[in-house]
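Position chain A relative to chain R; hints supplied.
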Amino acid sequence: MSELEPPYLYPEYVGTRLRAPAKPLVHLPDGFHDFPAPLFPRTIADLDHDLTRQHAGEPIGERIIVTGRVLDSDGRPLRKTIVEVWQANAAGRYLDQDDQHPAPLDPNFTGAGRCLTDNEGRYRFITIKPGAYPWKNHRNAWRPAHIHFSLFGSEFRSRLVTQMYFPGDPLMPRDPILQSIPDQAGRARLVSRFDPETTVPEWALAYRWDIVLRGRAATPFEDES
Amino acid sequence: MSGPLTPSQTVGPFFGVGLPFEKGEQLALPGSAGAMRIEGQVLDGKGEPVPDALLEVWQPGTGFGRTRTDSEGAFHFITAKPGAIRAPDGTMQAPHLNVTVFARGLLRHLVTRLYFPDETEANAADPVLNLVEPARRETLVAKNCGGVLRFDVRLQGERETVFFAI
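Sequence lines, in order, name chains R and A.
So in our numbering, spot 176 of the first sequence is number 176, and the numbers just go up one at a time.
Every position in the second sequence, counted from 1, becomes a number in our numbering once 225 is added.
Looking at chain R on its own, in the form it has when it is part of the complex (with noise of 0.2 Å):
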């Protein structure tokens, strides 16, 4: 397994000394899990991407735009692909009926988006950037500020659960779980940049992150057809 992925067990990570598989996975030949990526049986709403007006007031916080592009590993963008994505508020908190961290729910931010790419392969949320909070990973456990993201891609292969953290965060160098990823490329890939071109005056700051989906070309002996 390459070094820019997690593995499955990373003891500094709590969580996975008792759910990472302690077998090795079985390898199948190529071709058995090259099938096409589902319809996906959830509409989206014009709404569905600001998740600053999902309620009677807006959210309490800083508004942010984020935005970038999503593409196979050969380059080529992945139009019409469905993005969903959650997150804390503000505060630090979801809103989760498991979450104990006691900072404030906000009664105008729900916390979760979809939308889908455009041709181009372009993405665009609109919400607040959200809050760090406590874990009980270890004594002081902090995760930085992260917004979960959900993709599908073209093809079942291509799919992938992830976190999108802000830049010069100091919570990310003690997080096991961006940590976990081996190699200092591959937790920078999880790194959006501050977008000063997208960011819209006297309104709200600009993220900027792309996302890399294993496709077709990932397979590395078939031909480009």
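Just so you know, the hints here were simulated from the structure itself, not pulled from any lab data.
Take the hints with a grain of salt, since some may be wrong.
[As the list claims (entries may be wrong)] Not the full set, but computed from the structure, chain R residues with beta-carbon under 10 Å of chain A: (1) Pro6; (2) Leu9; (3) His33; (4) Gly61; (5) Ile65; (6) Val85; (7) Trp86; (8) Ala88; (9) Asn119; (10) Arg122; (11) Ser154.
Note that the Cβ used here is the ideal one computed from N, Cα and C, for glycine as well.
Just chain A now, with coordinates in the frame of chain R:
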């Protein structure tokens, strides 16, 4: 831009606000012809329930389902049994569902398969089941419990479910 793939990260414990959707567990309408209930539990290396797992079922040509486990680690899907499909090498694969597992503590998702207990002959000839060491094959075959199919996912330990590299 192209190049290295974006790495995976765990779905975490709080995906409930973003990923599950209404009737996501229904690949077939309950009560429709051929519809069956598949239920099971996701268990960790100590046999404890995993209450924060998300499962997806991919059935090429038929549909897609998504559901989460509850506080007992339990989940269910309603689906119809798919047909046999041809493998890339030309042989026939027994009817099966592709099952993807996400959870807190899984830095990457896991992929397994669910085979059907009434397909003894097709299962015996299935090219994927035949790649698995015989003692572990039963982890991939659901059990018939009074008309409901039972399929537990053991992430680790004794009777660990077979997972496939993707």
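### Query
Which of the listed hints are broken here?
4, 5, 9, 10 and 11
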